[in-house]
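Student: Each chain, written out:
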Amino acid sequence: MPMTILIIIFYALKEKIAAFDIFLNGAKEGVEITFKIFPTLIGLFFAIGLLRSSGIIDLITKIISPVLNFIKFPSEIVPLALLRPISGSASMAVATDIIKQNGVDSFVGLVASVIMGSTETTLYTIAVYTSSVKIKNSRGIIVAALAADITGILVSILICKILF
Amino acid sequence: MLNLLWPIFIVVSIFYSILSGNIENVEKAITESTESAVTFTLTLIGMTCLWSGIMEIASNTRIINYLTKIFKPIVKFLFPEVKEEQKSFKNIIMNIIANVLGLGNAATPIGLQAMSELQKNNNEKNKLSDSMMMLIVLNTASLQVIPITVIAIRTSLGSVSPTKIIFPVWISTICAAVVGISLTKILIKVNK
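Here the protein sequences come in this chain order: A and B.
Following numbering that gives the first Met the number 0, the numbering of the first sequence begins with 0 at its first residue and continues without gaps.
Following numbering that gives the first Met the number 0, the numbering of the second sequence begins with 0 at its first residue and continues without gaps.
One or more hints might be untrue.
[Unchecked claim] Chain B side only, calculated, beta carbon under 10 Å to chain A, not exhaustive:
no., residue
1, Lys27
2, Gly103
3, Met114
4, Leu142
5, Lys191
[Unchecked claim] With a cut-off of at most 27 Å between alpha-carbon atoms, the simulated DSS-like pairs for lysine-lysine come out as follows:
no., chain 1, residue 1, chain 2, residue 2
6, B, Lys82, A, Lys135
7, B, Lys68, A, Lys13
8, B, Lys82, A, Lys27
9, A, Lys99, B, Lys163
[What the hints assert, rightly or not] With the C-beta cut set under 7 Å, the calculated list includes, among others, these residues of chain B facing chain A:
no., residue
10, Ile7
11, Ser19
12, Val25
13, Ala28
14, Ser32
15, Ala36
16, Thr40
17, Leu41
18, Tyr65
19, Thr67
20, Met132
21, Ala140
22, Ser141
23, Ser171
24, Leu182
25, Leu186
Because the hints were derived from the structure by calculation, they are not lab data.
Every value quoted in this text rests on a predicted model; they were computed, and no experiment measured them.
Don't be surprised by glycine CBs; every beta carbon is placed ideally from N, CA and C.
With the sequences and hints as input, model every part of the structure.
Tutor: As structure tokens, then:
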């Protein structure tokens, strides 16, 4: 981060532009953007807080683990796979826990790390991006994004099986 | 989409917590979730303003010209609607770069600026345009070259080789991105 900032400011000095005035213009827009997405954040954090605290994720994990075991999907990874698209902080907490429980350099620990590194919080991203321009019709974009997530998770397991 | 998912999340969670006698936890989570949304927004507002400002400077220097040259073919392929002289073209390039560099805090504000620029040229204001769909999918794919956060966690947990995951992360990211982008191209054609 500091290096990126340094390079940008260096160019601003070199080209003698009014760096601080331009900075203020940009920063002002930042305030507007954040306030626009605040209601979305409250709504999402609330619903995801409920999901996590109710224990329903554990129940779903128990139900679908046998099915996923059939395709050699490690059951330790199931809660992470379920939470990853909906909550960044929750999936980070779960991933850290999985890595701690199974060992940071164990197979499961590596899979959890690769999943965290190669996927994003899809639902949050879609909600924030669409609500920032107040758009309701998202033309089924969630299907493409979730398919990408599932691909990412499956490939993470597969590549770890091949390499480690 | 969220009009469907959001109520389901709430009803199922509360219903299940009553059945499993877990209602106190849920009660606590309700207050905690609003608090954490506020804390998160406060952190976000600082970083968003800082990065919006820094990126505004960058887009006024010649850096943006160099980067445009490098990224033009990719952006042209993914966003055929967006013209090079439009402000959204710059925003999209900056957003991709912030994602690739792993500057998540910078990527979101620039991405949202790109959204509001794209909305100006959107014919149906209540519907995502083709370019908006592509931008969202790119931002749901984790494009960063070095997964810094995960490496930091692995280091803190005492891994013997915290960076061992970089190559598998690349493979996995590329596969996910290819699937996401292809499906979006299909959705754009099918869901007019």
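Student: Each hint should be assessed against the structure and marked as holding or not.
Tutor: Each hint tested on the structure:
For B:Lys27, the suggested interface contact is upheld, since its CB lies about 7 Å from the closest CB of chain A, less than 10 Å. For B:Gly103, the suggested interface contact is upheld, since its CB lies about 9 Å from the closest CB of chain A, less than 10 Å. Because the closest C-beta pair between B:Met114 and chain A is about 5 Å apart, less than 10 Å, the hint holds. A distance limit of 10 Å between C-beta atoms decides the matter here; for B:Leu142 the minimum to chain A is near 9 Å, and the interface restraint holds.
Of the supplied interface hints, the one on B:Lys191 holds, with its beta-carbon coming within about 8 Å of a beta-carbon of chain A, less than 10 Å. Restraint check for B:Lys82 and A:Lys135: the C-alpha separation of about 25 Å stays at or below 27 Å, so the hint holds. Between the alpha carbons of B:Lys68 and A:Lys13 the distance comes to roughly 20 Å, so the proposed pair stays at or under 27 Å and holds. Between B:Lys82 and A:Lys27, the direct Cα distance comes to roughly 26 Å. Compliance with the 27 Å bound is thereby established for this hinted pair.
Between A:Lys99 and B:Lys163, the direct Cα distance comes to roughly 17 Å. Compliance with the 27 Å bound is thereby established for this hinted pair. The closest approach between the C-beta of B:Ile7 and any C-beta of chain A is roughly 9 Å, which is over the 7 Å cut-off, so the hint fails. Hint status for B:Ser19: holds, given a least beta-carbon distance of 6 Å to chain A, under 7 Å. For B:Val25, the suggested interface contact is upheld, since its CB lies about 5 Å from the closest CB of chain A, less than 7 Å.
Hint status for B:Ala28 relative to chain A: holds, with the closest Cβ pair at about 4 Å, below 7 Å. Interface restraint check for B:Ser32: the shortest CB-CB distance to chain A comes to about 3 Å, inside 7 Å, so the restraint holds. Interface restraint check: B:Ala36 against chain A, minimum CB-CB distance 4 Å, threshold 7 Å, status holds. Taking 7 Å as the C-beta contact cut-off toward chain A, the hint placing B:Thr40 at the interface holds, the least distance being around 5 Å.
Here the hint on B:Leu41 is broken, as its CB sits about 9 Å from the closest CB of chain A, past 7 Å. Taking 7 Å as the C-beta cut-off, the interface hint given for B:Tyr65 is violated, the closest approach to chain A being about 10 Å. Using the Cβ-Cβ criterion of 7 Å, the hint placing B:Thr67 at the interface with chain A is not satisfied: the shortest such distance is roughly 14 Å. A distance limit of 7 Å between C-beta atoms decides the matter here; for B:Met132 the minimum to chain A is near 5 Å, and the interface restraint holds.
Hint on B:Ala140 holds. Least Cβ distance to chain A is approximately 6 Å, under the 7 Å limit. Given hint, B:Ser141 at the interface with chain A, holds; its Cβ is 5 Å from that chain's nearest Cβ, closer than 7 Å. Nearest Cβ of chain A to the Cβ of B:Ser171: about 4 Å, under the 7 Å cut. The hint holds. Checking B:Leu182 against chain A by beta carbon gives a least distance of about 4 Å; that is within 7 Å, so the hint holds.
The criterion of a C-beta within 7 Å of any C-beta in chain A is met by B:Leu186, whose closest approach is roughly 5 Å, and the hint holds.
Hint compliance for this structure: hints 10, 17, 18 and 19 are not met, and every other hint is.
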